[in-house]
Amino acid sequence: MRIGVPRALFYYMYYPFWKIFFEALGHEVILSSPTNKKILKDGLEFAVDDACLPVKVFHGHIVDLLDRVDVLFIPRIISIEPGEFICPKFLGLPDMVKSSIPDLPPIIDSNLSVYKNRKDLIGHAKSIGTDLGHSSRLILKAYTIASTKFNSYKKFQISHEQLPLDSGQKSFFDSNSSYFSRHKNKCLGENTLNVLLLGHPYNIYDNYISMNLITKLQKNGIKVITPEIIPVKNISAGAKNLKKRLFWTMGKNIIGSTYYYMDCGKALDGIIHLASFGCGPDSIVGELLERKLSRNRLVPFLRINIDEHSGEEGFNTRLEAFIDVIEGRRRN
Amino acid sequence: MKVTFPHMGNLYIPLRTFFENLGAEVVVPPLSSKRTLEIGCKYSPEFACLPLKVTLGNFIEALEMGADTIVMAGGVGPCRFGYYAEVQREILKDLGYDFDMIVLEPPQGHFWDLIKKFKYITNKKSFKEIYLAGKLAWKKIILLDRLEKMVNRIRAVELEKGKTDKAYKKALNLISNARDEQELAFARQQIEKEISSIKKAKERNLLKVGLVGEIYTLLEPFVNFNIEKQLGELGVLVERSIYISQWVRENLLPSFMKSKEPEVLAKLAEPYIPCFVGGHGRESVAQIVSYAKQGFDGVIHLLPLTCMPEIVAKSVLPMVSKIHSIPVMTLVLDEHSAETGLRTRLEAFIDLIRERKEEEEFGVLSWD
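These protein sequences, in sequence, are chains C and F. Everything in the first sequence is counted per the working numbering, starting at 1 for the first residue and increasing by one. Everything in the second sequence is counted per the working numbering, starting at 1 for the first residue and increasing by one.
Possibly wrong hints are sitting among the right ones.
To be verified - Straight-line C-alpha distance at most 30 Å; calculated BS3-like pairs for lysine-lysine:
(1) C:K243 x F:K119
(2) C:K116 x F:K163
(3) F:K116 x C:K240
(4) C:K243 x F:K116
(5) C:K243 x F:K208
(6) F:K267 x C:K240
(7) C:K244 x F:K293
(8) F:K208 x F:K293
(9) C:K243 x F:K124
(10) C:K98 x F:K267
(11) F:K42 x C:K244
(12) C:K126 x C:K149
(13) C:K126 x C:K154
(14) C:K233 x C:K223
(15) C:K126 x F:K139
(16) C:K292 x F:K267
(17) C:K243 x F:K93
(18) C:K98 x F:K293
(19) C:K216 x C:K292
(20) C:K244 x F:K119
(21) C:K233 x C:K243
(22) C:K292 x F:K2
(23) F:K267 x C:K243
(24) F:K93 x C:K116
(25) F:K208 x C:K292
What the hints assert, rightly or not - Stretch by stretch, here's where chain C covers chain F in the computed footprint (C-beta under 8 Å, at least three residues):
(26) 75-81
(27) 191-201
(28) 243-250
Unchecked claim - Just a few of them, taken from the derived set where beta-carbon distance is under 8 Å, the chain F residues facing chain C:
(29) E86
(30) E90
(31) L92
(32) P309
(33) I311
(34) K314
(35) V316
(36) P318
(37) M319
(38) V332
(39) D334
(40) A338
FYI, nobody ran anything at the bench for these hints, they're computed from the structure. Ideal placement from N, C-alpha and C gives every residue a C-beta, glycine not left out.
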């Protein structure tokens, strides 16, 4: 069966798992095209107008997949870390899509919730497999393969500091897998500028939404660090500085990474926070971040809000100005 | 210690009773006003939702009046409300205020923590004293809810315009001033007498509209431009889906004291939103289905701009409205909302459902 996986939202975190799992069950995974003008336009047309940019883009990716798949995969992602949630919109994502886009093929909307126990990922796999009509033996086998490879991929991602960034049509996972066990990336360099890029994975790694932010930074000789390549234990150590535990995983990653780098005295030349207009969690997280950073004024901080009307020229100007600032600071 | 808390509709009445009966000095912030909104917005994050901004304004106004201890509710997500207090504390600190913030987290099995916090606020009063103060406050909440329900039913049919609201104001004062249960029982009798004496017009084809949505925008008349009153003035019988007593039950009481009603209700939303989506997103949908089944003529859905749970609800509303054949209008509120715009939309909506009701009577049945 051809299973359509939208190249949006949690694609940047879970695609390796889903791909291996589906293929182990004998299905073909069809990925939507990288975000483009048409996808954005379709997203704007179908999604409820109050939704944030990434959710609208997700709707566009569904439209992109419509004619080429037998089944659509829209998991209901509730929790990806024990005791934490993600944005409520993910909890209702399949419902939003079902009522916004007409003539949909069958949808697999299995829950993914590890709120109680990290091992509940197997429950997610089981319910996908059952929906597709497979025996529990096959599901278990596929799950074992997928979770082993997924875990080693995540380790590889951190140890080799591989950002989940697509190159052209190719998925980050497909292009990265050939790099498995290649040489290590440079650690925090003496001579390169190190910038901590914060934001939800589906904003910072989507080249269209982020207007190639990562590539632009790298072209300027900047080493980009994101929460995805920071070891989990460092993020948790940083997040412990909060008075109250933050209940959004992605928000926790953002704050935790910042606190970790600020408090451990790691050399950082700048911090960029990329948020999308109307993002609920980031309105809170961004505020905490900005207050923390403006109190000690050690690192230049750039906050960019993007929406469907963002113009690339204005974006470039701000970015260039920011790079000038951090380069100037380094020279002095 | 001077205790203060945020406004949400009439919540200040039982809260004041509760803390005063425990011997704490209470500073009730001025009722939310344009000024509250202005200072709240000035210091809040731009994309935060409206309740955060207005309640921050409440806190600043209360601190200006000399309050030094803020009592605020918390939460465990995924709705932003659970992190309000953390952000507000940082903002107020940066503004240079000196205060203590006590956050009442929902007692997920830690009901004792809540009692401990009350003990701290109230200078180590005994459990019994806390219980008694709580009981009176709770009775006030119940009476307030009853009062609001009565007022909404009668405002639409009053003969003499403005009579109901006069009685309502008087009643609020009576409840607010009652010092013990006896006085409260007396106040209740008086209120019932007063309200039942309001002369009613005979209206056979009264329109019935339900109000659903995010709790703060539903309960706080300042941010929803007193929508219940406006609808009443348009001759519409209004029923609101959430009352303070429900909120207290859900958020401050231990789980064994909760009613089963919300679970039964949530079943109604199952075809559209089968699982919890934070806040009252799923409940809003369930209430709309419930209103449709009770034969209401329309539903108005309120939410603050960028409210995550209600956006999920909003996205499925076209389907709910179609399947249950009930008109639904969504109103998104923020600091730029204006009363005239809201009034126009309300009038248009009411015209629409009135026409529809009349058509129905002549045997034409269609919403599309």
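*Verify the proposed pairing of K126 (chain C) with K139 (chain F), using a straight-line Cα cut of 30 Å.*
violated (49 Å)
*Do the alpha carbons of K243 (chain C) and K119 (chain F) lie within 30 Å of each other, as the hint requires?*
holds (21 Å)
*Given the hinted pair K267 (chain F) and K240 (chain C), is their alpha-carbon gap at most 30 Å?*
With a Cα-Cα distance of about 38 Å, the restraint between K267 (chain F) and K240 (chain C) is violated, given a limit of 30 Å.
_Holds or violated: K243 (chain C) and K208 (chain F), Cα atoms, limit 30 Å._
Not OK: K243 (chain C) and K208 (chain F) at ~47 Å, beyond 30 Å, violated.
*Once the shortest beta carbon distance from L92 (chain F) to chain C is found, is it less than 8 Å?*
violated (11 Å)
*If you take the shortest Cβ to Cβ gap from I311 (chain F) to chain C, is it below 8 Å?*
This interface hint holds because 5 Å falls under the 8 Å limit.
*Going straight from one Cα to the other, do K292 (chain C) and K267 (chain F) come out at no more than 30 Å?*
With a Cα-Cα distance of about 43 Å, the restraint between K292 (chain C) and K267 (chain F) is violated, given a limit of 30 Å.
*When you check the alpha-carbon spacing of K267 (chain F) and K243 (chain C), does it fall within 30 Å?*
violated (37 Å)
*Status of the M319 (chain F) interface restraint (C-beta, 8 Å, chain C)*: holds (4 Å)
*Given the hinted pair K244 (chain C) and K293 (chain F), is their alpha-carbon gap at most 30 Å?*
violated (42 Å)
*Sort out whether K292 (chain C) lies within 30 Å of K216 (chain C), counting only the CA atoms.*
With Cα atoms ~27 Å apart, K216 (chain C) and K292 (chain C) stay inside 30 Å; holds.
_For the restraint on P318 (chain F), tell me whether the closest CB of chain C is nearer than 8 Å._
holds (6 Å)
Hints 2, 5, 6, 7, 15, 16, 23, 24, 25, 27, 28, 31, 39, 40 from the earlier list are contradicted by this structure; the remaining hints agree with it.
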